[in-house]
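**Q** Sequence:
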Amino acid sequence: MAVTPLCCRSVRVVDSFGRICIIAPMRKLLFIVPVVLLTCALSPEAKAKRIIENGLEDESKTVRVAAARGLAGIDRERSARILSDMLTDADPAVRAAALAALIPHSAQSTELSAALKDLCRDPRPAVRVAAYRNVAAALDTAAKDLLVSGLEDESARVREVAYAALVRFEERDLLRAGLRDRDPLVRIASARALGLLGVAGMSDYMGEEMKRLPPDVLGPAIIMYAELGDTAVLGQLRVLVREAAGELRVDVGEALLILNDRAGVEALENSMESNDPFVRIRATSVLTRHDVPALRARLEAATRDDYVTVAMQAVQALAEHDAENYKNLFAELMEAPKPLLRIAAAAAFLRN
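Residue numbers (the working numbering): 1 to 352.
To be clear, the hints were calculated from the coordinates, so they are not data collected in a lab. Be aware that one or more of the hints could be misleading.
The calculated lysine to any residue pairs, modelled on SDA-like cross-linking and capped at a C-alpha distance of 25 Å, are [what the hints assert, rightly or not]: (1) LYS338 to ALA294; (2) LYS211 to ALA301; (3) LYS61 to ALA336; (4) LYS49 to ASP75; (5) LYS47 to VAL63; (6) LYS47 to LYS327; (7) LYS49 to ARG304; (8) LYS117 to ALA90; (9) LYS47 to LYS211; (10) LYS327 to LYS117; (11) LYS61 to ILE82; (12) LYS49 to ALA245; (13) LYS211 to GLU227; (14) LYS327 to ASP75; (15) LYS49 to ASN275; (16) LYS61 to GLU324; (17) LYS211 to ARG238; (18) LYS327 to ALA90.
Each pair of labels, with its calculated beta carbon distance range [said to hold, decoys possible]: (19) GLU243 to ASP322: 20 to 28 Å; (20) LEU42 to ARG81: 48 to 56 Å; (21) ALA200 to PRO44: 52 to 60 Å; (22) ARG242 to ASP145: 18 to 26 Å; (23) ALA301 to ALA114: 43 to 51 Å; (24) ALA142 to ASN328: 44 to 52 Å; (25) PRO44 to ARG182: 52 to 60 Å; (26) ALA90 to PRO337: 24 to 32 Å.
Ideal Cβ positions, reconstructed from N, Cα and C, are used throughout, including at glycine.
Let the hints inform the model, and build the full structure from the sequences given.
**A** See the structure below:
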């Protein structure tokens with residue numbers, strides 16, 4: 001019986017992940033091994049980790065911030081440490097982005113860092129807003145003093161964050177002072193906080209305030225109103241969601257979701273198909289905060305959006321609500337040409 005020479009036989013090898021790879025014949029081994037190592041040895045999980053690590057070394061600061069944020073799924077402490085180091089960056093946009101990425105870490109922290117306290121006095125309003133959002137999320141009881149300081153900030157958005165956060169300290173007198181603030185959204189945020197504490201008449205107060213609001217700030221006010229749970233305006237919201245356009249329609253749609261009314265789903269679905277990328281971004285952000293299973297197919301399609309911010313937000317929304325069932329999609333998107341989308345997909349894949 002003829003015996004096949006050893007050099008001509010196919011062989012099987014088991015990689016470090018327990019998978020069998022066929023290599024044949026052995027005389028070609030030297031030429032095939034590099035290919036085998038690339039195709040067999042790198043699991044999707046290992047690939048995701050490599051994408052995150054490479055992102056941390058990227059030339060773009062935006063990419064490095066995204067990678068540091070995604071690192072939380074691998075090493076939470078290291079993620080927080082890298083993001084904290086970015087708080088001293090000379091670019092205020094980087095400081096603000098790093099602060100935004102640190103909010104989940106702050107929500108589990110029992111002590112406010114000195115760097116965070118300093119950034120509450122940053123000369124750039126956007127940085128201060130992001131810093132105060134971290135303070136608002138922190139478990140540290142010392143946050144109260146910083147929030148009280150924020151009530152005097154020249155930025156209305158800082159004051160809005162501060163008043164809204166004081167609800168957990170039940171500071172009714174301080175919140176009532178906010179009803180006299182010069183900015184309408186700050187007044188509405190204060191009324192919302194008081195309403196959540198059971199103070200009567202706040203829905204009526206907010207309703208009167210909203211009658212005088214310009215369209216560009218009406219949407220956030222409507223969402224705050226909905227958070228009080230008053231369903232008396234459902235009829236008006238259903239009419240408004242049909243008549244409104246752009247970002248206002250998205251905000252009204254979110255308000256309807258908060259009130260457990262599905263009339264907003266169609267508005268959000270239409271917004272996902274808007275020609276305006278800012279509308280699409282806003283809609284995908286709403287679907288990140290609220291789970292709407294009927295629109296998951298829209299979110300999956302949005303992961304291919306030409307605007308990377310929309311695609312990234314869609315990935316985050318799917319990961320937030322049903323990460324396990326979209327593992328294959330995330331693995332596929334790890335091949336995307338844009339590094340920010342690859343990082344978002346890798347972080348989603350690694351999500352527990």
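**Q** Could you run down the list of hints and mark each one as holding or not?
**A** Okay, the hints, checked on the actual structure:
1. LYS338 to ALA294: Violated: LYS338 and ALA294 sit about 28 Å apart, past 25 Å.
2. LYS211 to ALA301: With a Cα-Cα distance of about 37 Å, the restraint between LYS211 and ALA301 is violated, given a limit of 25 Å.
3. LYS61 to ALA336: holds (19 Å)
4. LYS49 to ASP75: holds (10 Å)
5. LYS47 to VAL63: Cα-Cα ~17 Å, so holds.
6. LYS47 to LYS327: holds (13 Å)
7. LYS49 to ARG304: Distance ~22 Å between LYS49 and ARG304 Cα, so the pair holds.
8. LYS117 to ALA90: holds (17 Å)
9. LYS47 to LYS211: violated (53 Å)
10. LYS327 to LYS117: violated (39 Å)
11. LYS61 to ILE82: holds (12 Å)
12. LYS49 to ALA245: violated (41 Å)
13. LYS211 to GLU227: holds (18 Å)
14. LYS327 to ASP75: The hint holds at about 20 Å.
15. LYS49 to ASN275: violated (35 Å)
16. LYS61 to GLU324: Not satisfied, since the Cα-Cα distance of roughly 30 Å exceeds 25 Å.
17. LYS211 to ARG238: holds (17 Å)
18. LYS327 to ALA90: violated (37 Å)
19. GLU243 to ASP322: 20 to 28 Å: violated (33 Å)
20. LEU42 to ARG81: 48 to 56 Å: Violated, at about 27 Å.
21. ALA200 to PRO44: 52 to 60 Å: holds (55 Å)
22. ARG242 to ASP145: 18 to 26 Å: violated (46 Å)
23. ALA301 to ALA114: 43 to 51 Å: Since ALA301 and ALA114 have Cβ atoms about 45 Å apart, the given range 43 to 51 Å holds.
24. ALA142 to ASN328: 44 to 52 Å: holds (45 Å)
25. PRO44 to ARG182: 52 to 60 Å: holds (53 Å)
26. ALA90 to PRO337: 24 to 32 Å: holds (30 Å)
Comparing the model with each numbered hint stated earlier shows that hints 1, 2, 9, 10, 12, 15, 16, 18, 19, 20 and 22 do not hold.
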